[in-house]
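Respectively, the protein sequence lines represent chains A and B. Residue numbering for the first sequence follows UniProt numbering, starting at 1 and increasing by one per position. Residue numbering for the second sequence follows UniProt numbering, starting at 1 and increasing by one per position.
Rather than coming from a laboratory, the hints here were simulated on the basis of the structure. Incorrect hints may have been included.
[What the hints assert, rightly or not] Cut-off 25 Å, straight-line C-alpha distance, at most; resulting in silico cross-link-like pairs (DMTMM-like, lysine to aspartate or glutamate):
1. A:K97 to A:E257
2. B:K96 to A:E208
3. B:K96 to A:D194
4. B:K190 to B:E36
5. B:K221 to B:E26
6. B:K107 to A:D194
7. B:K190 to B:D201
8. B:K190 to B:E165
9. B:K109 to A:D194
10. B:K221 to B:D199
11. B:K190 to B:E74
12. B:K109 to B:D72
13. B:K109 to A:E208
14. B:K190 to B:D208
15. B:K96 to B:D164
16. B:K96 to B:E133
17. B:K190 to B:E223
18. B:K107 to A:E208
[Unchecked claim] Some, not all, of what chain A presents toward chain B, calculated at C-beta under 8 Å:
19. V196
20. L197
21. R199
22. A200
23. R202
24. C203
25. L204
26. G205
27. A206
28. A210
29. P218
30. M293
31. W295
[What the hints assert, rightly or not] Ranges between beta-carbon positions, derived for each pair:
32. B:S114 to A:L113: 30 to 40 Å
33. A:V280 to B:S47: 51 to 61 Å
34. B:S47 to A:E208: 31 to 41 Å
35. B:G168 to A:A52: 46 to 56 Å
Every residue gets a Cβ at the ideal spot worked out from N, C-alpha and C, and that includes glycine.
Residues per chain are reported as follows:
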Amino acid sequence: MEAVALRSPGSASPETRLPSRSEPAGRAGPPPAGGLVRRWLRLNRGQIRAVAIGLVSLALFVAAWQVLTANRVSFYVRFVNVPTPEDVLQRALLALKNPMFADHVLMSCRRILFGFLLAAGVAVPLGLLMGRFRLLREVAFPICEVLRPIPAIAWVPMAIMLWPTNEGSIVFITFLGSFFPILINTLQGMAAVDPVLVRAARCLGAREGALFREVYLPASLPQIFTGLTVGMGVAWVSLIAAEMISGQFGIGYFTWEAYSLVQYADIALGMITIGVLGLVSSFAIRLLGRLAMPWSAAR
Amino acid sequence: MAATARGLIEVRDFCLRYETMEGAVEAVSEASITVEPGEFVSIIGPSGCGKSTLLNALAGFLTPTAGRVTVDGEAVSGPGAERGMIFQQYSLFPWKTVRENVEFGLKMKGVPRSERQRQARTLLGLAGLTPFENHYPDRLSGGMKQRVGIVRALATGPRILLLDEPFGALDAQTRLIMQQILTNMWQRLKISVLFVTHDIDEAIFLSDRIYVMTARPGTIKAEVAIPLPRPRQPAMTLSSEFLGLRRGLMSLIREESIRAMGGEVSAEAMKGLAINLEGQDLAAVL
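Extracted from the complex, chain A is given alone in its bound form:
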């Protein structure tokens, strides 16, 4: 996640440095094909560098893992039972052919999708309305503040009591996990809306509905997407915890079961799968954010 964020400032500097070095006398027509490739390489030097370093660093991580596990290092931290990367790769290839594994993954994805979409669908409109209407904020905010510090995992027993099915309670816990980050960030976005923009819109004839649609919502979008990204992260945390405790399917259940069945390689496989799923889902949200806010991408 951090690598992506860090990459953009790095890429900006070679771009700004470029003209003075490579275009001594005004550019005349498109360069030849070989030149184009070289130009692309030069323009994207920052990104290429970040990707290259990132790959090397990942390779070093796997290498360290290999060294520690293959030699069964036991120096306070015990790597004796930890599977080697090779073991995990073998299990992964096996799992990819096994429909049960795919079911676990799909189940988790479905729960995330339901829980998260439900949270976003409730928290964003609620946050917008709370930000706009004081009475609603005064009524709803104290309740939120009391419920917010309760970790989603602490909701597990209550969720099991509340919902008739296991599925319902797991989705509910995922929902709760992502609900508050989304709500709080939407509220912050609303509080930060520039009042001059609101006044400008009203001077141009905007009424309440139009103000919401044309000013408050787009002005809060960056914060809303921050909330969605954080919410997605917490959704996975909550989901995995819920699955480990009360699930019968899902990647969290798979990981816990691997421990119970002494399938150590599957523990790492489950962990890596969770990591990849989390990465992909937050990437998807960032992509969505960029599509929804073309003005910030233009910067």
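Here the structure of chain A is known, so what remains is to put chain B in place on it, guided by the hints.
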């Protein structure tokens, strides 16, 4: 346009008071101003004198404690597109392109998309902003942003235009160009303009008349007619007539600025700055 004859602004005995823990504070007291249809009028005064307050009341953002605020005889009761406003902070919507910003007022009026695009394009063409119509405001310079702001305010065909230190954030060169652009537009549209500034030269260069406001509680101290011929040229700022007006207005403002600084509160502030007045009056020292 048929609306050229309208745009009469009248403010009568405007008072604005608000409550604090220390008691009622009078921000503006019995201020009266008039802007005839098609006239360009400025308000100058020391900072905090309530010039922006008057403008905000005309825009419909606040109601006076006492007094009347009318446009064409109708009391102002809230913001509306027939009173265009331009802010110092540009206030363009960052999520809308230049053209979408200009279209905004028309969209609020319910003008169909193709029609408002056509109108916005025409206006942007007149302002020389066509190459930037699909840019987001982020990528424009301050002067260009304010040009878009002016075009956006004019797009709905307002009867009056209210400007709150619109060029205050611009550099000196850009400011001169913007003043020229504003006068040109005003002369073509014959719209009534009320312009708030603290820049005396700017006020003289642009206005038919200037109101000078006193320090708090703000009221009208003087009304000065500017008889300079139109169209005005930058070279006029060096004429003896211009300089004479400037000198007169300077002394009027200076009195008020000193009064604003020399009040009870500011004397304390001067102590805080460790300036030794040696028992003398602040005005005498300055």
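For each hint, the structure was consulted:
Straight-line distance between C-alpha atoms of K97 (chain A) and E257 (chain A) comes to about 19 Å, which keeps the hinted pair within the 25 Å bound. Pair hint K96 (chain B) plus E208 (chain A) holds up; C-alpha atoms about 19 Å apart against a cutoff of 25 Å. For the proposed pair K96 (chain B) and D194 (chain A), the alpha carbon gap of about 15 Å is at most 25 Å, so the pair holds. Proximity of K190 (chain B) to E36 (chain B) is assessed by CA-CA distance (about 11 Å); at most 25 Å being required, the pair is judged to hold.
Pair hint K221 (chain B) plus E26 (chain B) holds up; C-alpha atoms about 16 Å apart against a cutoff of 25 Å. Simply put, K107 (chain B) and D194 (chain A) have alpha-carbon atoms about 21 Å apart, close enough for the 25 Å limit, and the pair holds. Only pairs whose Cα atoms come within 25 Å are accepted, and K190 (chain B) paired with D201 (chain B) is accepted, the gap being roughly 22 Å. Between K190 (chain B) and E165 (chain B), the direct Cα distance comes to roughly 21 Å. Compliance with the 25 Å bound is thereby established for this hinted pair.
For a cut-off of 25 Å, the pair hint linking K109 (chain B) to D194 (chain A) stands: about 23 Å separates their Cα positions. Simply put, K221 (chain B) and D199 (chain B) have alpha-carbon atoms about 17 Å apart, close enough for the 25 Å limit, and the pair holds. At roughly 20 Å between alpha-carbon atoms, K190 (chain B) and E74 (chain B) fall within 25 Å of each other, so this suggested pair holds. Taking the CA atoms of K109 (chain B) and D72 (chain B), the gap is about 21 Å. The hint holds against a cut of 25 Å.
Taking the CA atoms of K109 (chain B) and E208 (chain A), the gap is about 14 Å. The hint holds against a cut of 25 Å. Proposed proximity of K190 (chain B) and D208 (chain B) is supported: the alpha carbons are some 13 Å apart, at most 25 Å. For a cut-off of 25 Å, the pair hint linking K96 (chain B) to D164 (chain B) stands: about 23 Å separates their Cα positions. In summary, the hint linking K96 (chain B) to E133 (chain B) is supported, as the alpha carbons are separated by about 10 Å, within the 25 Å threshold.
Of the supplied pair hints, the one linking K190 (chain B) and E223 (chain B) holds, its CA atoms being roughly 22 Å apart against a limit of 25 Å. Between the alpha carbons of K107 (chain B) and E208 (chain A) the distance comes to roughly 14 Å, so the proposed pair stays at or under 25 Å and holds. A cut of 8 Å between beta carbons decides the hint on V196 (chain A): the least distance to chain B is about 5 Å, and the hint holds. At its closest, the beta carbon of L197 (chain A) sits 6 Å from a beta carbon of chain B; the interface hint therefore holds under the 8 Å criterion.
Interface restraint check: R199 (chain A) against chain B, minimum CB-CB distance 6 Å, threshold 8 Å, status holds. For A200 (chain A), the interface hint holds, the least distance from its beta-carbon to any beta-carbon of chain B being 4 Å, beneath 8 Å. Here the hint on R202 (chain A) is kept, as its CB sits about 4 Å from the closest CB of chain B, short of 8 Å. Contact between C203 (chain A) and chain B, as hinted, is supported at the beta carbon level, the nearest pair being about 4 Å apart and thus within 8 Å.
Contact between L204 (chain A) and chain B, as hinted, is supported at the beta carbon level, the nearest pair being about 4 Å apart and thus within 8 Å. Taken as an interface hint, G205 (chain A) checks out: its beta carbon lies about 4 Å from the nearest beta carbon of chain B, inside 8 Å. The interface hint given for A206 (chain A) is met, as the beta carbon of that residue sits about 5 Å from the closest beta carbon of chain B, less than 8 Å. This hint holds: A210 (chain A) has a C-beta 6 Å from the nearest C-beta of chain B, less than the 8 Å allowed.
Contact between P218 (chain A) and chain B, as hinted, is supported at the beta carbon level, the nearest pair being about 4 Å apart and thus within 8 Å. Annotation: interface hint on M293 (chain A) holds; nearest CB of chain B at approximately 7 Å, less than 8 Å. Annotation: W295 (chain A) was flagged as interfacial toward chain B, and the flag holds, the nearest CB pair being 4 Å apart, inside 8 Å. With their beta carbons about 39 Å apart, S114 (chain B) and L113 (chain A) fall inside the hinted range of 30 to 40 Å.
Checked against the hint of 51 to 61 Å, the pair V280 (chain A) and S47 (chain B) passes, with Cβ atoms roughly 55 Å apart. The hinted window of 31 to 41 Å between S47 (chain B) and E208 (chain A) holds, with their beta carbons roughly 34 Å apart. Roughly 49 Å separates the CB atoms of G168 (chain B) and A52 (chain A), a value that falls within the hinted 46 to 56 Å.
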